[in-house]
Amino acid sequence: MLNFSKINVLIIYFLFIFIAVFSFLNLQNDNNRLVNKKINLGLDLQGGSYLLLEINSDSLVKEKIQSKVIPIKKLLKENEINYKNFKINDDNLLLSIDNLEKFDLLFKSRKDNLVNPYIDNYRSYELDYTKINNNKIKISFSKFGLLTINNSALKQSIEIVRRRIDDVGTKEPTILQRGEKRILVELPGLKDPERIKALLGKTAQLNFRLVSDNNEFGTDELISENGEKLNISKRIIMSGENLIDAQPSIQNQNNEPTVSFTLDRLGAQKFGRATTDNVGKRLAIVLDGEIVSAPNINEPITSGNGMISGNFTFQEATDLALLLRSGALPTPLIVVEERTVGPDLGEDSIKSGITSLIVGFILVILFMLYKYKIFGLIANTALIANLLMLTGVLTILEATLTLPGIAGIILTVGMAVDANVLIFERIREELKTEKSIIHAFDSGYARAKITVLDANITTLIAAIILFAFGSGPVKGFAITLGIGIITTLFTAYFLARHLTSLVVLNTKNKEINI
Amino acid sequence: MTNYNFSSKFKHANIFSVILFLISIILIAFKGLNYGIDFKGGTLIELRSNNTEASSIRDVLKNMDLGDVNVKKFGKEGDFLIKVEQKEDNNKLIPEIKKNLSDSLNSDVNFRRVENVGPKVSAELLQSGIIAISLSLAAMLFYIWVRFEWQFSIGSIIALFHDVIITLGIFSLLALEINLSIIAAVLTIVGYSMNDTVVIYDRIRENLGKFHKLDIKDIANLSINETLARTIITSVTTLLALFSIFILGGEILRGFSFAMILGVFVGTYSSIFVASPILKYFKVSYKTIEKEEEKIVP
Numbered sequence: 001m002l003n004f005s006k007i008n009v010l011i012i013y014f015l016f017i018f019i020a021v022f023s024f025l026n027l028q029n030d031n032n033r034l035v036n037k038k039i040n041l042g043l044d045l046q047g048g049s050y051l052l053l054e055i056n057s058d059s060l061v062k063e064k065i066q067s068k069v070i071p072i073k074k075l076l077k078e079n080e081i082n083y084k085n086f087k088i089n090d091d092n093l094l095l096s097i098d099n100l101e102k103f104d105l106l107f108k109s110r111k112d113n114l115v116n117p118y119i120d121n122y123r124s125y126e127l128d129y130t131k132i133n134n135n136k137i138k139i140s141f142s143k144f145g146l147l148t149i150n151n152s153a154l155k156q157s158i159e160i161v162r163r164r165i166d167d168v169g170t171k172e173p174t175i176l177q178r179g180e181k182r183i184l185v186e187l188p189g190l191k192d193p194e195r196i197k198a199l200l201g202k203t204a205q206l207n208f209r210l211v212s213d214n215n216e217f218g219t220d221e222l223i224s225e226n227g228e229k230l231n232i233s234k235r236i237i238m239s240g241e242n243l244i245d246a247q248p249s250i251q252n253q254n255n256e257p258t259v260s261f262t263l264d265r266l267g268a269q270k271f272g273r274a275t276t277d278n279v280g281k282r283l284a285i286v287l288d289g290e291i292v293s294a295p296n297i298n299e300p301i302t303s304g305n306g307m308i309s310g311n312f313t314f315q316e317a318t319d320l321a322l323l324l325r326s327g328a329l330p331t332p333l334i335v336v337e338e339r340t341v342g343p344d345l346g347e348d349s350i351k352s353g354i355t356s357l358i359v360g361f362i363l364v365i366l367f368m369l370y371k372y373k374i375f376g377l378i379a380n381t382a383l384i385a386n387l388l389m390l391t392g393v394l395t396i397l398e399a400t401l402t403l404p405g406i407a408g409i410i411l412t413v414g415m416a417v418d419a420n421v422l423i424f425e426r427i428r429e430e431l432k433t434e435k436s437i438i439h440a441f442d443s444g445y446a447r448a449k450i451t452v453l454d455a456n457i458t459t460l461i462a463a464i465i466l467f468a469f470g471s472g473p474v475k476g477f478a479i480t481l482g483i484g485i486i487t488t489l490f491t492a493y494f495l496a497r498h499l500t501s502l503v504v505l506n507t508k509n510k511e512i513n514i
Numbered sequence: 001m002t003n004y005n006f007s008s009k010f011k012h013a014n015i016f017s018v019i020l021f022l023i024s025i026i027l028i029a030f031k032g033l034n035y036g037i038d039f040k041g042g043t044l045i046e047l048r049s050n051n052t053e054a055s056s057i058r059d060v061l062k063n064m065d066l067g068d069v070n071v072k073k074f075g076k077e078g079d080f081l082i083k084v085e086q087k088e089d090n091n092k093l094i095p096e097i098k099k100n101l102s103d104s105l106n107s108d109v110n111f112r113r114v115e116n117v118g119p120k121v122s123a124e125l126l127q128s129g130i131i132a133i134s135l136s137l138a139a140m141l142f143y144i145w146v147r148f149e150w151q152f153s154i155g156s157i158i159a160l161f162h163d164v165i166i167t168l169g170i171f172s173l174l175a176l177e178i179n180l181s182i183i184a185a186v187l188t189i190v191g192y193s194m195n196d197t198v199v200i201y202d203r204i205r206e207n208l209g210k211f212h213k214l215d216i217k218d219i220a221n222l223s224i225n226e227t228l229a230r231t232i233i234t235s236v237t238t239l240l241a242l243f244s245i246f247i248l249g250g251e252i253l254r255g256f257s258f259a260m261i262l263g264v265f266v267g268t269y270s271s272i273f274v275a276s277p278i279l280k281y282f283k284v285s286y287k288t289i290e291k292e293e294e295k296i297v298p
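Note that the protein sequences, when read in sequence, are chains A and B.
Residues 1 to 514 in the numbering used here are what the first sequence spells out, letter by letter.
Residues 1 to 298 in the numbering used here are what the second sequence spells out, letter by letter.
Misleading hints may appear alongside valid ones.
[What the hints assert, rightly or not] Think about it this way: if two alpha-carbon atoms lie no more than 35 Å apart in a straight line, the pair counts; the simulated DSBU-like pairs of lysine-lysine are: (1) B/Lys92 to A/Lys229; (2) B/Lys73 to A/Lys475; (3) A/Lys234 to A/Lys68; (4) B/Lys120 to A/Lys202; (5) B/Lys120 to A/Lys155; (6) A/Lys64 to A/Lys108; (7) A/Lys191 to B/Lys120; (8) B/Lys287 to A/Lys435; (9) A/Lys87 to A/Lys234; (10) A/Lys181 to A/Lys73; (11) B/Lys9 to B/Lys31; (12) B/Lys120 to A/Lys181; (13) A/Lys155 to A/Lys38; (14) A/Lys155 to B/Lys87; (15) A/Lys87 to A/Lys102; (16) B/Lys283 to A/Lys449; (17) A/Lys475 to B/Lys72; (18) A/Lys6 to A/Lys37; (19) A/Lys234 to A/Lys74; (20) A/Lys62 to A/Lys281.
Hints were generated in silico from the structure; no laboratory data involved.
Between the sequences and the hints, there should be enough to build the whole structure, so can you do that?
Here's what the structure looks like:
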């Protein structure tokens with residue numbers, strides 16, 4: 001075990017230097033990087049916000065099932081199937097029909113794909129029906145129909161979340177899908193996420209609707225920005241989809257912040273027609289079911305440009321413009337998990353983390369020197385090499401270092417010497433029975449090998465499971481612990497063994513103290 | 001090499017372990033574990049505000065009618081930790097609390113950390129924590145079963161259960177908070193304790209092959225003594241590192257390092273006094289390992 005061929009020695013040191021060199025990349029100046037690789041700091045160390053958002057597609061399902069009512073009625077009529085008691089019931093439709101067989105054929109025919117599309121991905125129709133009794137049936141979305149609604153809502157939400165966050169202009173945001181209903185947002189360096197949370201919390205569904213004189217059927221009673229009760233027609237003249245731009249602006253007359261918007265061609269047409277036909281009436285601008293303002297239509301607006309005023313502060317006008325530009329979210333987003341760390345706490349954490357790392361490191365080094373003298377020096381050299389390789393690998397992987405990650409490194413320092421301790425203790429035992437020192441070292445290494453492997457693999461298993469199931473900072477711990485074990489095995493079994501062989505072979509048969 | 005008579009203490013140690021284990025189970029079952037917001041859901045706010053008393057923060061929050069609120073000092077003077085229980089997702093809560101505190105307290109308030117975990121997410125985190133620990137125990141069991149014989153596998157798993165339950169029992173007794181990092185600590189303890197057990201088991205297996213005449217009790221005693229120096233040195237270096245985190249690593253890592261320190265003591269104890277005696281009950285002898293070898297190499 002103590003004989004190394006030149007090639008082996010070369011490979012060992014080449015590998016060590018190659019990996020260790022990467023750890024120095026972290027010392028590069030940020031503005032002038034030769035190689036763009038470094039260890040990233042987790043949000044808990046550099047400060048920032050982690051948000052987990054969840055879409056709520058229930059309301060969307062209700063909306064979508066309502067949109068099926070007219071096509072289904074039409075389909076039934078066209079095919080001369082009589083129906084009665086048609087009812088919208090939450091997220092399903094109830095009705096009685098006279099010819100179930102015909103309905104079944106019709107409902108699942110490719111011809112009527114418009115009403116009940118066939119989803120190729122899932123090999124299923126969007127809608128399903130169940131028979132309740134004789135001729136009463138319940139129509140609802142199939143499992144896969146729900147899935148497509150959910151997936152498209154999620155994709156759309158991610159896109160809009162990205163637009164809104166980019167518009168606010170935070171540095172290097174991360175926006176990812178998590179599971180089937182969630183969006184993960186990481187905003188490094190952000191001290192106060194409240195503005196972003198407020199921006200993401202609004203669906204920003206904008207509608208232009210006429211104010212009606214009477215409270216007849218087809219109106220909603222809403223409270224205006226001045227506290228006035230108004231009957232707003234349910235008919236939507238134009239919605240936010242037709243907006244191509246929105247910017248905050250200052251109205252010259254009274255320096256009031258407003259939002260000016262530009263419509264696309266279709267929107268301009270619709271808006272022009274509606275304002276021409278309704279001069280003198282009031283137009284309500286409704287955002288997420290609340291009236292922003294309800295100004296009088298003084299003259300037709302056909303240019304496709306308009307302005308929204310509503311007692312805004314400039315910040316509010318800016319945010320509204322941003323929301324309108326980015327488009328509406330299909331469903332409201334709920335923050336189901338939030339973790340925000342201020343930059344000063346992050347700095348404190350780095351400081352205390354590094355301090356405890358250095359102190360722990362020095363204590364372990366002194367203890368090993370005291371215990372094993374020259375071989376303690378070898379173990380310590382291996383330990384330093386180990387730390388260099390560990391940071392090197394973290395750099396190559398561009399891993400994220402978290403506070404628990406630093407704890408993982410410190411723990412690696414404490415446990416890394418175990419491999420060498422196992423070996424040295426074994427050699428001590430061998431020296432008692434073995435006359436030749438070289439033989440004692442040889443068999444010491446050979447016999448300890450299996451134990452060292454077994455012992456480290458068990459910890460590695462724990463680290464891998466932690467990585468698979470852990471979240472956020474804990475994952476950082478698993479990464480450093482796991483990589484630490486591998487670099488420990490390498491440094492103990494190759495580097496330290498080679499150094500030991502140099503010492504042993506050069507002292508020949510003189511007295512060796514271990 | 002030391003020559004302590006560990007095996008004479010096996011019986012007493014086992015009774016001691018069983019009692020500790022049972023007390024821990026009773027504590028966990030009846031006193032319960034003090035789950036943090038990670039697993040219970042709720043809001044945590046760490047703030048720094050000089051010249052402020054915990055009582056004035058409490059007063060501000062009391063007026064908000066938030067239900068169960070917990071305010072305590074956290075580390076340095078002027079640092080506080082607020083915990084608010086929360087039954088459902090409410091995205092308006094944090095800004096309201098922040099605003100009220102900023103307005104009502106007389107000095108500047110620096111919100112250093114805000115964490116909010118909704119009820120659904122906390123339930124999921126708890127579930128995945130339990131799965132992670134169970135899975136790691138199963139993986140260890142499997143690894144030892146592949147590498148050793150089944151008696152060793154069961155012995156080591158009993159030792160692991162012993163460590164995990166007693167560590168959690170101590171957390172229950174002291175009402176220390178269980179959060180994500182404690183789960184990480186428990187998993188690391190599992191790894192560490194296994195590590196210790198494997199070293200002794202390796203030696204037991206080696207000695208079983210060497211000394212056919214010796215009883216398993218004596219083999220265990222011999223093996224523990226032979227590896228004792230290593231056991232102690234590794235525990236010392238690990239503890240040096242852990243105490244360094246515990247004392248200097250800041251408030252956030254304190255619970256984690258405390259759990260690990262407990263784990264190192266319990267894990268080291270269990271490798272010697274739980275994992276090794278169990279082999280005796282299974283009547284392990286050199287024949288056990290010989291049979292296994294025949295099976296593997298026909």
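- Item | Structure versus earlier hints, numbers of those that do not hold, lowest first | none
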